[in-house]
Amino acid sequence: MKCTALILAFALLRTAAAPTTPAEPPAIAPGVAATQAVRFATVDVHIDPKDHPLAAYQIEITGDSPHVKLAGVEGGEHAAFREPPYYDPAALNRNRIILAALNTGSDLPNKPFRVARLHVQISGGANPQWEVKLVVASTSDGSAVPGATASMSSASAATKEQCHESTGLARVRPLGSRFVRRARAVSCGMRGDGVFGDEGGHCRRHTTSRRYPKWSDVG
Amino acid sequence: MADSAPVPAEELWVIENPQNKAPMQAARADAAELPGQGQLVARVAEQLVPVPLKHTDVKASITGYIATVDVSQQYHNPYSEKIEAIYVFPLPSNAAVNEFVMTIGDRKIRGIIREREEARQIYENAKRQGFVASLLTQERPNVFTQHVANIEPGKRIDVNVKYFHTLEYADGAYEFSFPMVVGPRFNPPGTTDGVGAAGRGDRGASGQKTEVQFLKENERSGHDIDLVVDIDAGVNVDEVKSVNHRVKMTRPQEGRAHVALADDDKIPNKDFVLRYKVAGKTVKSALMAQRDSKSDGGYFTLMLFPPESLENLPRKPLEIVFTLDVSGSMNGRPIEQSKAAVRYALKNMRPDDTFNVIRFAQNAQQMAPRAVPANEQTIPAALQYIEQTQAGGGTMMIEGIRQSLQVTPDADRLRFVAFLTDGYIGNEPEILREIHNLRGPSRIFSFGVGQAPNRYLLDHMARMGQGCAAYLSLNDEADDVMAKYFARISHPALTDLSIDWGGMQVRDVYPAKLPDLFVGRPIVVTGRYRGNPDNAIVHVRGKVGGEVREMPLAVNVSDAANAHAGIAPVWARMKIADLGDRATYENNPELAGMIKQTALHYGLMSAFTAFVAVDSSQRTAGEHGTTVMTPVPVPDGVRYDTTVPQ
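Chains as they are written, first to last, in the working numbering: chain A, 2 to 220; chain X, 0 to 645.
Keep in mind the hints are simulated off the structure, nothing from the lab.
Note that the Cβ used here is the ideal one computed from N, Cα and C, for glycine as well.
One thing to keep in mind: the hints can contain errors.
[Unchecked claim] BS3-like, lysine-lysine: derived pairs with alpha carbons at most 30 angstroms apart: (1) X:Lys107 to A:Lys112; (2) X:Lys240 to X:Lys154; (3) X:Lys215 to X:Lys154; (4) X:Lys338 to X:Lys483; (5) X:Lys315 to X:Lys293; (6) A:Lys51 to X:Lys107.
[Stated by the list, open to error] To give an idea of the chain A side of the interface with chain X (calculated C-beta under 7 angstroms), a few residues: (7) Ala72; (8) Gly76; (9) Pro90; (10) Phe114.
If we strip away everything but chain A, and leave its shape as in the complex, we get:
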């Protein structure tokens, strides 16, 4: 049962990271002139599983600037999530980053840790604003991790969390039933020079509700 639930959860994550299926592919975001000055930076994504062993997660990150381009996704610092997570190319095409990963092992993180590192190119003097949403955080039996949170930070100031108030919530109803997953997220503004700056950022909290497909659909 535990294994089945985990596989189902993984299937959801993989299919979430696989392309969605709109009727028509969306338009591509306008590019940035090659002549503009660019710099490269890293942004770390963290999850606090609140003392529960984290087996799977899905995170959605949105930025507000077309001048920031994702140029690579690296895995996390815990061995269970060291492999680079999958991303959804269709979402990326709409300027969203959806990351997902799963580990079926027994040595799972239960303390705050970096789950992924984003490598980005920033054009001109853009001060990108990021919003991170923890869509799914689950244990190895497929149940949601209560109170799990996600946050982002500049890797160059690795010891300094940019968003201390980050909270996220993913609630999942029993397998096989339709459910509404609620996700609270914070947006993290990281600005300034260098990576995403030492000036700190600002956070704003908001809540979204979305309707998701049945778990059974992904089996």
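Start from chain A and add chain X according to the hints.
Structure of chain X alone, referenced to chain A:
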């Protein structure tokens, strides 16, 4: 198992790292020993060979008729200064490349799919600023270029590529192939966007946008390859045969086979081709599916086999044109293999058939002004004409195409063009466009000759020509390959195919125009479905002569045994291929955008997209260093002196 080949036991390899490490000069296009001093080199018969690509590791697993392949390329810097490594390499032309990971030490960075130009700009920016970065671009559906920037001295960077593809099935056997080298290609005068050949260190000598540098025959790069294939057929696997390589094989259990390259056959200079049969009739018209959790449906592929009743029907009289590539790249064993195949064919024609022989290199010549009856006078004359043929010169394939297709059709005969070539040309779009425009009532059956033919060209020539492609390795018996060809054309094809999907709500089916079904050659159809159409009955209809035939097929998309995570990318890749074929002959500016959007949406390589990966966590010191092309050997059986411009 491939025939036993001589082992180069007498080679002496001396690895050295000179003490004198002077700074490198800027890149010199004419430098024969790039990038300069301080190099860890392989010395073979006094030839010094740069080796920025050290090793390739290929792991393939086959489930049903879909292969999942992981390719790992290990780049390293044996020099005293930073380098950018460039490697032009082949993959199967139907490979749906959807993963790209760069590994630096124990850190892995997943590459991002981008519009091609956008990816290139990101790569160039990162390279200029000293970040380790990699870029994968597609030059042809089966030719790719890997760039790796800012490899520091002594450091190693791995690039992993993952793809899915459907297997070929022909004459009772599945065929898995992995190409290892891009052959030296000829480009007609005036061409600049082709794939050109140059000698090692002669960067830019070909004048083509994409260039492959070749090692001389007495040189080795030190680049070797490991390859393993795991087959999980679900039913008994029989007659597993490696056509070109010596292999080690184990059978862990019934229905499974593990095949690995032998230790003494690891030079990447020929296609790896693995053929195997499965027991019983379980392979017949198999459907594989992948549900899409975000829509009410999913993706499927259907391998559609011809009805067995075709084999009981006689054929009409034929007009067969044998068109032989006699250019320089065919010199030696390849042209002899072509001759052997045509000899067999000539001797097996019927008296009511007609034929002609056309050969092309720098220009095209034909044996007779028009097709002649196959009789006791013409066949010996043709055999003599074939024997006198010598290979040499350029490959003006377009001339061969025109002479083969620009004819007045014979209303009493079916017209087949058997095209025997290695396909070493760089102007594929022009050739395919000409076939589309001139084909008329002819069907083209392409034969890829040699150890590393241009399979993209040959497959698509046949596809455009409403025929089939076959491959004639130097290790194949030419008679066997031709006998299968004759078996195929000795029975009518099922034409004008259409599929009534019954209870399945199906859309976006590719290929959009279904090809004809020939004996022994199934086709793969892919599409998207809605709902949960279990136990649906699908009806395939076609015509034999003027008579309509129908085949019912039961399909079950929920059958877990037929589920596969690679179906969606395979579908998207087939859609891109379909659009790409249209783009060769259709002046529709929207096609490029449709290909690009499909590729971006599904995260796939295409002519208009590329993968880029940047490690922005740390800069390397100094300038980005010298660009080093990775030279490759000419394919086994191909002569350097007749193919690589001197």
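Outcome of the hint check:
no.: 1; hint: X:Lys107 to A:Lys112; verdict: holds, 23 angstroms
no.: 2; hint: X:Lys240 to X:Lys154; verdict: violated, 38 angstroms
no.: 3; hint: X:Lys215 to X:Lys154; verdict: holds, 27 angstroms
no.: 4; hint: X:Lys338 to X:Lys483; verdict: holds, 17 angstroms
no.: 5; hint: X:Lys315 to X:Lys293; verdict: violated, 51 angstroms
no.: 6; hint: A:Lys51 to X:Lys107; verdict: holds, 27 angstroms
no.: 7; hint: Ala72; verdict: holds, 4 angstroms
no.: 8; hint: Gly76; verdict: holds, 6 angstroms
no.: 9; hint: Pro90; verdict: holds, 3 angstroms
no.: 10; hint: Phe114; verdict: violated, 16 angstroms
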